[in-house]
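**Q** Protein chains in written order, with UniProt numbering: chain H, 1 to 239; chain S, 1 to 239.
Some clues are possibly wrong.
Just so you know, same-sequence chains aren't split out, so a pair can sit in one copy or run between any two.
To be verified - Dumping the calculated DSSO-like pairs for lysine-lysine here, alpha-carbon to alpha-carbon at most 30 Å:
1) Lys215 - Lys63
2) Lys235 - Lys158
3) Lys63 - Lys158
4) Lys193 - Lys235
5) Lys90 - Lys215
6) Lys235 - Lys63
It is worth saying that the hints were derived from the structure and are not from the lab.
There are 2 protein chains.
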Amino acid sequence: MTSETPIIVLVRPQLGENIGKCARAMLNFGLTELRMVAPRDGWPNPSAGPAAAGADSVLDQAKIYDTTAEAVADCSHVYATTVRLREDTKRVVTPEEAATEVFNQAGRSAFLFGREASGLDVQDVAMANAILTVPINPEFGSLNLAQAVILCAYEWSKTQSLSQPTLTEQLPPAPQQDLDGLIGHLEAMLEPKGYFLPDSRADATRRTLRNVLTKPGWNHLEVRTLRGVLSTLAKRDRK
Amino acid sequence: MTSETPIIVLVRPQLGENIGKCARAMLNFGLTELRMVAPRDGWPNPSAGPAAAGADSVLDQAKIYDTTAEAVADCSHVYATTVRLREDTKRVVTPEEAATEVFNQAGRSAFLFGREASGLDVQDVAMANAILTVPINPEFGSLNLAQAVILCAYEWSKTQSLSQPTLTEQLPPAPQQDLDGLIGHLEAMLEPKGYFLPDSRADATRRTLRNVLTKPGWNHLEVRTLRGVLSTLAKRDRK
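Given these sequences and hints, build the entire structure.
**A** Here it is, written out as structure tokens:
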């Protein structure tokens with residue numbers, strides 16, 4: 001099954017700059033569908049483009065509606081985002097829970113965000129199937145619009161496998177014989193300097209050394225670097 | 001045991017406004033410890049306060065350092081945040097994975113963020129135990145500094161509502177200053193033997209060495225063992 005990407009709906013947004021920042025936040029995490037209900041300063045807004053920092057495609061495709069009802073008319077799942085909980089009978093979910101739902105449910109999903117100064121009206125919240133609340137520091141709740149959008153977009157992106165993988169192809173640890181070569185090299189240098197004396201402690205000291213040098217899981221290039229270090233240490237100082 | 005809150009380290013941040021936004025982003029999710037390495041316009045910066053939108057307590061307690069090494073001297077776990085993957089031998093984690101690690105591991109943890117325009121230098125990355133990469137739209141990666149900070153803070157805050165038991169009988173990695181002592185000791189021995197010649201390769205060679213020695217995450221006992229090894233190697237052979 002292919003999950004449908006959620007729609008970001010800005011209800012009566014005030015500053016064009018913030019609209020642009022939302023577009024930028026969205027596109028970072030693969031969201032492209034922006035809808036707006038009655039933006040205060042009309043649309044298009046010349047302040048939005050510069051703030052979008054390259055996410056112009058999101059702004060160009062943005063759709064404008066007169067009412068929230070029209071903006072979500074084709075959506076099966078509407079989430080009203082709020083920072084503070086309201087007395088309400090609706091279900092409350094975190095961005096993470098909402099993302100999982102969006103990923104698993106059939107039909108379009110929309111996230112509603114209110115105006116910068118005051119958030120969503122009760123009438124807008126009434127349109128929603130659930131409340132999405134970002135759990136936040138109870139003594140300092142000050143998320144701006146684009147930050148609220150980016151957290152929702154980020155959580156949604158985690159459900160997608162198309163996001164860039166983070167696993168690098170790390171080299172595996174060097175074969176044991178390489179590591180043994182390194183340890184043998186070091187021991188041979190330490191031996192004549194009395195590192196393994198007294199004899200009664202020699203085995204424990206060798207074990208400690210091996211443990212310390214085994215822990216890193218160095219790859220063959222790193223082991224080769226360290227062999228070079230040891231060879232250099234065995235040289236005389238240059239004039 | 002109680003998990004320690006991570007430290008946010010801004011390395012050579014440029015605009016005071018962005019520093020303020022980072023403070024605001026942090027406090028939303030309960031992070032209060034901000035450190036800065038050589039902020040471009042000095043400190044305090046009059047542009048930071050207004051952008052902090054009430055998170056002044058974070059700015060007031062911010063500490064300033066000349067070098068990244070000093071800023072993370074007391075940290076056992078250092079994460080270098082990058083948007084793009086680099087060819088590197090270090091471990092790569094997501095914000096979520098890093099948050100889980102920070103929650104579970106003993107010792108202080110720090111998240112390093114580079115300057116707005118260009119991110120972290122290779123020298124800063126070399127200080128880190130792991131790379132933290134936000135998986136992002138491969139065709140549009142445009143996270144700003146405060147957004148990168150907020151995603152890390154947000155993920156960390158999610159660990160705080162969990163009550164999973166911590167499992168850390170192992171000693172934590174030694175503080176960065178202990179590791180620096182080891183690296184400095186070895187470099188001082190290698191220098192007179194010409195290991196860092198030619199000069200044009202010296203920086204890269206030092207970085208390679210630091211990366212190899214940072215990877216293990218040795219604890220303070222292991223570092224002490226290796227200091228002893230170096231001291232022994234500097235001695236003359238016994239008769």
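**Q** With reference to the structure, classify each hint as holding or not holding.
**A** Verification of the hints:
Taking the shortest alpha-carbon separations for Lys215 and Lys63, only the intra-copy value of 27 Å comes in at or below 30 Å, while the best inter-copy value is 34 Å. In this assembly of identical chains, the alpha carbons of Lys235 and Lys158 never lie at most 30 Å apart, being 52 Å within a copy and 54 Å across copies at closest. Taking the shortest alpha-carbon separations for Lys63 and Lys158, only the intra-copy value of 26 Å comes in at or below 30 Å, while the best inter-copy value is 34 Å. In this assembly of identical chains, Lys193 and Lys235 lie within 30 Å of each other by CA distance both inside one copy and across copies; the values are 15 Å within and 7 Å between.
Proximity of Lys90 and Lys215 under a CA criterion of 30 Å is satisfied in both settings, with 7 Å inside one chain copy and 15 Å between copies. For a Cα distance limit of 30 Å, the shortest separation of Lys235 from Lys63 qualifies neither inside one copy, at 41 Å, nor across copies, at 44 Å.
Checked against the numbered hints above, the structure breaks hints 2, 6 and satisfies the rest.
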